[in-house]
Amino acid sequence: MQLDTVRQEPGAALGTAPKHDELRRPWRQRLPLLPALVFTVLLTQVPFLMNIWYSLTDWTIVPPTPREFIGLDNYGDLPSDQFFRDAAWVTVEMTVSAVLLSLVLGTLLAVLLDRAFFGRGVARTLLITPFLVMPVVAGLIWKNQMFSGLYGVVNWVTARVGMDSIEFVSRYPLWSIVVVLVWQWTPFMMLIMLAGLQSQPADVLEAAKVDGASGFGTFRQLTLPHLRPYMELGTLLGTIYLIQVFDQVAVMTGGGPDSTNIPYFVYQRSIGGGWEFGKASAYSIAVVVASIVVATVALRVLSRLLRGEEIA
Amino acid sequence: MARSAGGQRGVGERRSVNAVMAVVAWLTALVFFFPVFWMILSSFKEEQDAYTSPKLLFSPTLDRYSDVTETSTGLLSFREAFFNSFWVVTVSTVVVLLLAIPAAYALAIRPVPKWRDVLFFFISTKFLPVVAAILPLWILARNFDLLNTRLVLMILYTGMNLPLAVWMLWSFFREIPRELIEAAELDGAGLRGQLASVILPIALPGLAATALLCVIFAWNEYFYAVQLNPADGSTIPIWVTTNISTRGNFLAKLSAASVLACVPVVLAGWLAQKRMIRGLSMGAIK
Amino acid sequence: MASVQFASATRLYPGTHQPAVSHLDLEIHDGELMVLVGPSGSGKSTALRLLAGLEPLDEGAVFIGDRDVSGVRPRDRDIAMVFQNYALYPQLTVAENMGFALKQHKVPKEERTARVREVARVLALEPFLERKPKNLSGGQRQRVAMGRAIVRKPQVYLMDEPLSNLDAKLRVQTRAELAELQARLAVTTVYVTHDQVEAMTMGHRVAVLRDGVLQQCDTPHALYHEPVNLFVAGFIGSPAMNLFRCASGQPIRIGGCALDLDAAMTSRLASFGGDRVVVGLRPEAVHVGEGPLAAHIRTVEDLGAEAFVHVAFDHEGETAFAVSKMPAPFKGQTGDDIDVGLAGTVHVFDPVGPRIATGPGRFAPSD
Numbered sequence: 001m002q003l004d005t006v007r008q009e010p011g012a013a014l015g016t017a018p019k020h021d022e023l024r025r026p027w028r029q030r031l032p033l034l035p036a037l038v039f040t041v042l043l044t045q046v047p048f049l050m051n052i053w054y055s056l057t058d059w060t061i062v063p064p065t066p067r068e069f070i071g072l073d074n075y076g077d078l079p080s081d082q083f084f085r086d087a088a089w090v091t092v093e094m095t096v097s098a099v100l101l102s103l104v105l106g107t108l109l110a111v112l113l114d115r116a117f118f119g120r121g122v123a124r125t126l127l128i129t130p131f132l133v134m135p136v137v138a139g140l141i142w143k144n145q146m147f148s149g150l151y152g153v154v155n156w157v158t159a160r161v162g163m164d165s166i167e168f169v170s171r172y173p174l175w176s177i178v179v180v181l182v183w184q185w186t187p188f189m190m191l192i193m194l195a196g197l198q199s200q201p202a203d204v205l206e207a208a209k210v211d212g213a214s215g216f217g218t219f220r221q222l223t224l225p226h227l228r229p230y231m232e233l234g235t236l237l238g239t240i241y242l243i244q245v246f247d248q249v250a251v252m253t254g255g256g257p258d259s260t261n262i263p264y265f266v267y268q269r270s271i272g273g274g275w276e277f278g279k280a281s282a283y284s285i286a287v288v289v290a291s292i293v294v295a296t297v298a299l300r301v302l303s304r305l306l307r308g309e310e311i312a
Numbered sequence: 001m002a003r004s005a006g007g008q009r010g011v012g013e014r015r016s017v018n019a020v021m022a023v024v025a026w027l028t029a030l031v032f033f034f035p036v037f038w039m040i041l042s043s044f045k046e047e048q049d050a051y052t053s054p055k056l057l058f059s060p061t062l063d064r065y066s067d068v069t070e071t072s073t074g075l076l077s078f079r080e081a082f083f084n085s086f087w088v089v090t091v092s093t094v095v096v097l098l099l100a101i102p103a104a105y106a107l108a109i110r111p112v113p114k115w116r117d118v119l120f121f122f123i124s125t126k127f128l129p130v131v132a133a134i135l136p137l138w139i140l141a142r143n144f145d146l147l148n149t150r151l152v153l154m155i156l157y158t159g160m161n162l163p164l165a166v167w168m169l170w171s172f173f174r175e176i177p178r179e180l181i182e183a184a185e186l187d188g189a190g191l192r193g194q195l196a197s198v199i200l201p202i203a204l205p206g207l208a209a210t211a212l213l214c215v216i217f218a219w220n221e222y223f224y225a226v227q228l229n230p231a232d233g234s235t236i237p238i239w240v241t242t243n244i245s246t247r248g249n250f251l252a253k254l255s256a257a258s259v260l261a262c263v264p265v266v267l268a269g270w271l272a273q274k275r276m277i278r279g280l281s282m283g284a285i286k
Numbered sequence: 001m002a003s004v005q006f007a008s009a010t011r012l013y014p015g016t017h018q019p020a021v022s023h024l025d026l027e028i029h030d031g032e033l034m035v036l037v038g039p040s041g042s043g044k045s046t047a048l049r050l051l052a053g054l055e056p057l058d059e060g061a062v063f064i065g066d067r068d069v070s071g072v073r074p075r076d077r078d079i080a081m082v083f084q085n086y087a088l089y090p091q092l093t094v095a096e097n098m099g100f101a102l103k104q105h106k107v108p109k110e111e112r113t114a115r116v117r118e119v120a121r122v123l124a125l126e127p128f129l130e131r132k133p134k135n136l137s138g139g140q141r142q143r144v145a146m147g148r149a150i151v152r153k154p155q156v157y158l159m160d161e162p163l164s165n166l167d168a169k170l171r172v173q174t175r176a177e178l179a180e181l182q183a184r185l186a187v188t189t190v191y192v193t194h195d196q197v198e199a200m201t202m203g204h205r206v207a208v209l210r211d212g213v214l215q216q217c218d219t220p221h222a223l224y225h226e227p228v229n230l231f232v233a234g235f236i237g238s239p240a241m242n243l244f245r246c247a248s249g250q251p252i253r254i255g256g257c258a259l260d261l262d263a264a265m266t267s268r269l270a271s272f273g274g275d276r277v278v279v280g281l282r283p284e285a286v287h288v289g290e291g292p293l294a295a296h297i298r299t300v301e302d303l304g305a306e307a308f309v310h311v312a313f314d315h316e317g318e319t320a321f322a323v324s325k326m327p328a329p330f331k332g333q334t335g336d337d338i339d340v341g342l343a344g345t346v347h348v349f350d351p352v353g354p355r356i357a358t359g360p361g362r363f364a365p366s367d
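Residue numbers (this note's numbering), protein chains in the order written: chain A, 1 to 312; chain B, 1 to 286; chain C, 1 to 367.
A portion of the hints provided could be inaccurate.
What the hints assert, rightly or not - The calculated DSBU-like cross-link candidates involving lysine-lysine, where the alpha carbons are at most 35 Å apart (straight line), are: (1) C:K103 to C:K153; (2) C:K132 to B:K274; (3) A:K209 to B:K274; (4) C:K153 to C:K169; (5) B:K274 to C:K134; (6) B:K126 to B:K274; (7) C:K109 to C:K134; (8) C:K106 to C:K134; (9) C:K153 to C:K132.
It should be emphasised that the hints constitute simulated quantities derived from the structure, not laboratory data.
Modelling step: build the complete structure from the supplied sequences, incorporating the hints.
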């Protein structure tokens with residue numbers, strides 16, 4: 001090989017990386033991350049640890065008892081706690097129906113909005129508004145103006161077709177809440193599915209057209225599979241957000257056997273009137289454990305969606 | 001090759017199909033928007049108009065707005081609630097950005113080892129139910145004498161929005177071409193110089209969208225506010241609920257209050273529309 | 001102005017097994033334009049980034065002048081870089097782009113403006129000083145990228161495929177301008193490209209890399225006429241060198257026709273131990289029209305001033321292909337039978353790489 005002679009520099013050790021390496025400065029690199037990270041860790045982990053501690057006691061405020069360590073007794077009571085089980089069931093019903101309904105509706109809306117038509121931008125803006133409305137406002141407006149047995153718009157409409165007036169929120173507390181949730185979250189699903197539709201490569205659709213596929217056939221065989229990761233994402237995120245619904249429950253039904261979900265239940269048992277701090281903490285921890293299970297599944301799905309195969 | 005906007009009418013496609021779908025789309029949009037429309041309409045009514053079977057024709061008045069915004073002693077006033085909300089939202093959003101921008105830099109531009117794990121940690125905090133933390137937070141707030149203050153909400157809202165902001169900014173920063181950062185590095189710009197001269201100017205739209213989303217979530221937040229601040233530091237969402245009364249008619253007043261409460265966020269959302277989905281999907285969708 | 005030296009420089013990306021750059025020993029003289037060339041994955045860009053400080057060294061060292069810069073931050077190395085996609089700051093004007101580095105180093109405003117203006121004049125960018133990059137053509141942006149580097153008056157220029165985003169015609173034109181500019185400025189330049197024509201026309205010397213390993217560093221002339229191994233021989237030169245695997249016993253036969261080689265070559269070949277060799281013939285050494293080798297034409301590429309004739313013939317029981325460079329116009333078309341002769345430089349290689357011998361040769365007259 002024709003090589004140029006290597007100049008030997010005094011003091012430069014060949015074959016080793018330099019000691020004062022300014023290029024790799026791992027701690028300097030980590031520095032910008034620390035404030036955000038430390039803040040989040042403190043704010044999330046400290047309450048968690050406190051919860052664990054309280055859950056191992058029998059602390060109540062009303063009636064005030066001295067806080068005594070009772071080990072895992074609170075947890076032992078959980079499975080037989082009918083109210084807790086009811087709340088869990090309500091949560092499942094509420095979340096699953098709201099997520100599914102808004103997903104389906106959102107997909108349909110996305111299909112409608114995917115084509116160009118006059119005033120599409122305005123239509124879109126109108127459609128996302130429910131998502132922006134303050135949840136307490138949404139709950140109050142629907143309860144008092146839409147669903148009201150006496151003055152409600154919905155009843156006015158059904159009266160036109162001869163049906164009796166129904167006080168929706170009293171008769172169907174859970175479903176009334178679900179309607180409001182679907183109303184507010186459909187735009188969210190719609191935006192996600194719209195992004196999915198618009199990320200479909202145009203040439204694939206054109207090839208299908210040339211090959212003679214019908215509109216519906218193309219949708220079923222090409223578009224729906226393409227939309228699957230978006231649907232997963234929507235379901236995932238929707239579930240995360242909807243499991244924690246509190247505002248609408250609080251202002252529409254204020255609890256009650258059929259519409260109390262876990263968040264409201266825990267609130268009720270702690271500072272919302274129950275003041276049973278020990279027990280409430282146990283509920284919280286149980287919920288956290290369940291969330292971790294859901295979250296692990298969620299993270300795996302999300303990770304798959306994000307790692308390398310970015311959507312859009 | 002992805003489509004930019006939805007499909008145009010293709011050759012041979014029946015004009016009528018397109019028209020029908022457009023009509024359906026518009027009808028649906030109007031139906032969805034109706035409750036909001038009704039709320040706005042009712043806010044201009046006299047109370048008896050609001051209570052009689054849906055009336056579309058009436059003589060509009062601004063009285064309900066003055067009703068809800070007048071200050072009476074002992075009750076939470078609009079002014080006070082707005083003031084509190086404004087400060088809580090503004091300060092928490094600013095702090096969120098101050099924390100999230102460097103964090104996103106450390107995750108996107110000069111990724112630290114295990115940056116993926118860090119991102120997932122941030123998002124995992126969103127999975128934990130807010131309600132589970134309320135008791136310890138309430139106790140801590142009481143012990144630090146922070147109940148009924150704006151400060152406790154500022155802290156909590158910062159924590160609430162921080163993961164969202166970190167994810168959104170990470171996804172926006174990632175799009176900055178690496179060469180640009182390297183060129184700035186070679187030219188002598190450090191972290192601050194790179195942020196000021198290259199990153200923030202390019203990511204400005206994304207930054208704005210992030211801020212808007214943080215504002216939306218903080219403004220609308222009810223749970224923490226009502227648990228920790230039922231009296232002095234109360235925010236707009238709480239104020240809205242005080243407009244229901246068990247005596248007398250309140251629908252029109254409630255509507256007026258609701259409109260006032262929702263206007264800032266709805267406007268913010270309309271502005272951030274295009275980029276909103278990125279934050280809502282945790283950066284998974286552009 | 002300074003020399004550059006790589007001393008056993010190595011970069012191994014975490015998680016990979018093969019180094020991107022492996023023990024690179026390379027010395028670049030002061031004022032020289034050194035081209036690093038190679039196929040993608042050869043490590044040429046990585047080597048450049050090691051010099052820039054954008055990648056850390058895993059082993060070895062890098063020197064600029066007498067200074068060991070191995071652990072020094074890019075901004076402190078006194079270098080300037082032209083990126084493949086130009087990396088212009090989109091929200092700054094041309095003038096601000098060019099002055100950015102000076103501003104970061106706290107150069108006073110008057111001096112900054114004067115220097116920017118001077119470089120703009122040299123590069124004919126004066127009319128564009130207040131424009132933003134998005135309002136410039138590709139060629140103009142390329143010049144701004146160059147200007148940004150020049151204005152800094154560094155010790156070394158680094159260029160990472162600066163011309164590959166230009167269209168073909170503009171590329172040829174800019175190539176010449178660049179070479180002329182470099183000669184005038186006389187600043188050490190390290191230039192990376194995958195285009196061997198660019199390498200051959202611009203570099204004072206060219207370093208050919210493959211899979212992270214330096215194959216040969218030499219003047220273009222030496223690379224062309226004295227390639228050190230099979231890879232370099234096949235990489236440099238367009239159309240590529242014709243290569244034929246043959247039995248090593250003398251006389252070496254291509255397509256059945258014996259090669260007539262001079263005494264020096266014959267003795268070198270005799271002392272070679274293997275039983276297979278690879279014979280390399282550049283297209284200008286292969287003549288079609290008359291000769292002992294029977295072939296037929298596959299296609300003729302008529303470029304106006306010259307023609308490349310692709311032929312096929314029988315060699316050791318299989319079909320072999322060759323390209324011949326002939327003066328245009330060339331009479332002959334696809335399918336024609338034609339005779340092939342040889343008169344020019346013959347290279348003989350060991351099949352695993354190194355060159356054995358080179359010398360004049362021709363086909364022996366047919367028996």
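* Asked: Is it true that the CA of K132 of chain C sits at most 35 Å from the CA of K274 of chain B?
  -> Roughly 26 Å between the alpha carbons, so the hint for K132 of chain C and K274 of chain B holds.
* Hinted pair K274 of chain B and K134 of chain C, Cα distance within 35 Å -> Since the Cα atoms of K274 of chain B and K134 of chain C sit roughly 23 Å apart, the hinted pair holds (cutoff 35 Å).
* Pair hint K153 of chain C and K132 of chain C, alpha-carbon separation not exceeding 35 Å -> holds, 23 Å
* Would the pair K106 of chain C and K134 of chain C pass a check requiring their Cα atoms to be no farther apart than 35 Å? -> With a Cα-Cα distance of about 27 Å, the restraint between K106 of chain C and K134 of chain C holds, given a limit of 35 Å.
* Going straight from one Cα to the other, do K109 of chain C and K134 of chain C come out at no more than 35 Å? -> Between K109 of chain C and K134 of chain C the Cα gap is close to 25 Å, so the pair holds against 35 Å.
* Are the Cα positions of K209 of chain A and K274 of chain B separated by 35 Å at most? -> holds, 30 Å
* Holds or violated: K153 of chain C to K169 of chain C, with C-alpha atoms at most 35 Å apart -> Given pair K153 of chain C, K169 of chain C holds - Cα atoms ~29 Å apart, limit 35 Å.
* Asked: Taken at face value, is the distance from the CA of K153 of chain C to the CA of K103 of chain C at most 35 Å?
  -> holds, 14 Å
* Asked: Do the alpha carbons of K126 of chain B and K274 of chain B lie within 35 Å of each other, as the hint requires?
  -> Measuring from Cα to Cα gives roughly 23 Å; hence the hint holds.
In this structure, none of the earlier numbered hints is contradicted; all agree with it.
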